[in-house]
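Undergrad: Listed below, chain by chain, are the residues.
Protein chains: 2
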Amino acid sequence: MNEVLQVIRQHRSIRKFKNIPLTGEQVDAIVDAAQMAPTSAHMQPFSIIGVTDQGLRKKIAVHSKNPSIEECGYFFIFCADLHRMMLAAGPEQQEKMGRNLSFSYFYQTAVLCAALALQNANVAAESMGLGTVIIGGINEALPALDEWLGLPDFVIPLVGLAVGVPDELPEQKPRLPRSAVFFENRYDPDLKAKVEKYDQEIEEYYGARTNNKQKASWSGKFIAMLDKDLPLGGYTEYVKSKGFDLK
Amino acid sequence: MNEVLQVIRQHRSIRKFKNIPLTGEQVDAIVDAAQMAPTSAHMQPFSIIGVTDQGLRKKIAVHSKNPSIEECGYFFIFCADLHRMMLAAGPEQQEKMGRNLSFSYFYQTAVLCAALALQNANVAAESMGLGTVIIGGINEALPALDEWLGLPDFVIPLVGLAVGVPDELPEQKPRLPRSAVFFENRYDPDLKAKVEKYDQEIEEYYGARTNNKQKASWSGKFIAMLDKDLPLGGYTEYVKSKGFDLK
Chain A
1 MNEVLQVIRQ
11 HRSIRKFKNI
21 PLTGEQVDAI
31 VDAAQMAPTS
41 AHMQPFSIIG
51 VTDQGLRKKI
61 AVHSKNPSIE
71 ECGYFFIFCA
81 DLHRMMLAAG
91 PEQQEKMGRN
101 LSFSYFYQTA
111 VLCAALALQN
121 ANVAAESMGL
131 GTVIIGGINE
141 ALPALDEWLG
151 LPDFVIPLVG
161 LAVGVPDELP
171 EQKPRLPRSA
181 VFFENRYDPD
191 LKAKVEKYDQ
201 EIEEYYGART
211 NNKQKASWSG
221 KFIAMLDKDL
231 PLGGYTEYVK
241 SKGFDLK
Chain V
1 MNEVLQVIRQ
11 HRSIRKFKNI
21 PLTGEQVDAI
31 VDAAQMAPTS
41 AHMQPFSIIG
51 VTDQGLRKKI
61 AVHSKNPSIE
71 ECGYFFIFCA
81 DLHRMMLAAG
91 PEQQEKMGRN
101 LSFSYFYQTA
111 VLCAALALQN
121 ANVAAESMGL
131 GTVIIGGINE
141 ALPALDEWLG
151 LPDFVIPLVG
161 LAVGVPDELP
171 EQKPRLPRSA
181 VFFENRYDPD
191 LKAKVEKYDQ
201 EIEEYYGART
211 NNKQKASWSG
221 KFIAMLDKDL
231 PLGGYTEYVK
241 SKGFDLK
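Protein chains in written order, with the UniProt record's numbering: chain A, 1 to 247; chain V, 1 to 247.
Any given hint might turn out to be false.
The list treats identical chains as one, so a pair stands whether inside a single copy or across any two.
[What the hints assert, rightly or not] As a list, the in silico DSS-like pairs of lysine-lysine whose alpha-carbon atoms are at most 30 Å apart: (1) LYS247 x LYS228; (2) LYS197 x LYS173; (3) LYS240 x LYS192; (4) LYS65 x LYS247.
No lab work stands behind these hints: they were computed from the structure. This one's a predicted model, so the numbers in the text were calculated from it and none came from an experiment.
Could you build all of it, start to finish, from the sequences and the hints given here?
TA: Spelled out as structure tokens, the structure:
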């Protein structure tokens, strides 16, 4: 197995970091890797904020309820960004372009391309022996986060990427069986038995692991999470407030 | 520079393939890599369809206006998938869960996680000496594609990934300058000069490259693409028809 497949195969999220900042070379290599990701129509519709100000990191950590943001060796925020594509246009063109970019199609494209860049960054960091964790919880800091980072319309912070020298080596969580994820020519309409078997496997994993033991199946966690009314409309309002009408 | 950074650094999209199918081992390594990507709350909200039926590939290629789909060594379709998470729930729970999952927050999360898996697949393929191209044009085959692949509600085909033995080595397209994408602590409100400089660089690149010479700047392409009324509402209607209300 080549070195790339090995690095990918060894992935686990790291949430405990040694108190060692990343070097400038490491940061550059991670950003360069992100920029080399494929991108729809060469749009490159993402931006990366490197949060080096300790006060700002602390504020984001508190609002996101995630200490890794403060404790990691370097903290990146990956944003979907359709703002830059409009800068060379005149005001009237910008208005029409903005109307087109506000469709959900471009929102989807920007999120997808930002994630391709993010995963390149992630794999690049891991290839240098660093640990990483992607932090979705930064949306808990919205809309204030937008002001702190000075993000204009059509720029949305999606997730954080905390990187650092690992201070733990957690077990790997078993993935869904390949046969429940990968299908030849046609989606399998009868996945329930496979999911139930995986639920058992995950329940055993959670019961046996060293840290954070719990009694839960894979499906059980989502039923517990989603079988109530979640206040998620606010997130859509936020997305719309940034210019993405999702028409 | 380690092997991982080298593979990432050497990326270019490959659209011409030798007539050599992928081996089963190559396909497995690519899918395994996709499954090892990080994922929000261990949701793994994506599915991968391997399209091996030549008639089906031809149909998708024609509708997507993209011959690589038919000519590559193997053709994957990456889907956002929130369907599998609900299978173990009872009908009433599923209804409530579906309401929560229909928010744009979960749509964004599923697209983002599917793209993380996609980029792992992409890098894995490239590490084995294969060439790849991500094909957004499969959405031109919607909604028929959904029927051909048997995709249920909450499963949306996002992009294709054509993989094969490269039969070309195109030049690499220059990326945006790092200083126009990566910011320390705060977004740069004054990017216009950097974009204009990059526009010149891209115009020179398009004018000088061996194949498909053209006179166009980076911004100029987007102004030409977006300074008219695009019929993109149909894509949102499709997304909503699959259960994602984007409330």
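Undergrad: Determine for every hint whether it applies to the structure shown.
TA: For each hint, the structure was consulted:
Taking the closest pair of Cα atoms, LYS247 and LYS228 come within 30 Å of each other both inside a single copy (27 Å) and across two copies (16 Å). Taking the shortest alpha-carbon separations for LYS197 and LYS173, only the intra-copy value of 15 Å comes in at or below 30 Å, while the best inter-copy value is 46 Å. Within a single copy, LYS240 and LYS192 get their C-alpha atoms only as close as 36 Å, which misses the 30 Å cut-off; across copies the closest is 25 Å, which meets it. Only between protomers do LYS65 and LYS247 lie at most 30 Å apart by alpha-carbon distance; the minimum there is 25 Å, versus 32 Å within a single protomer.
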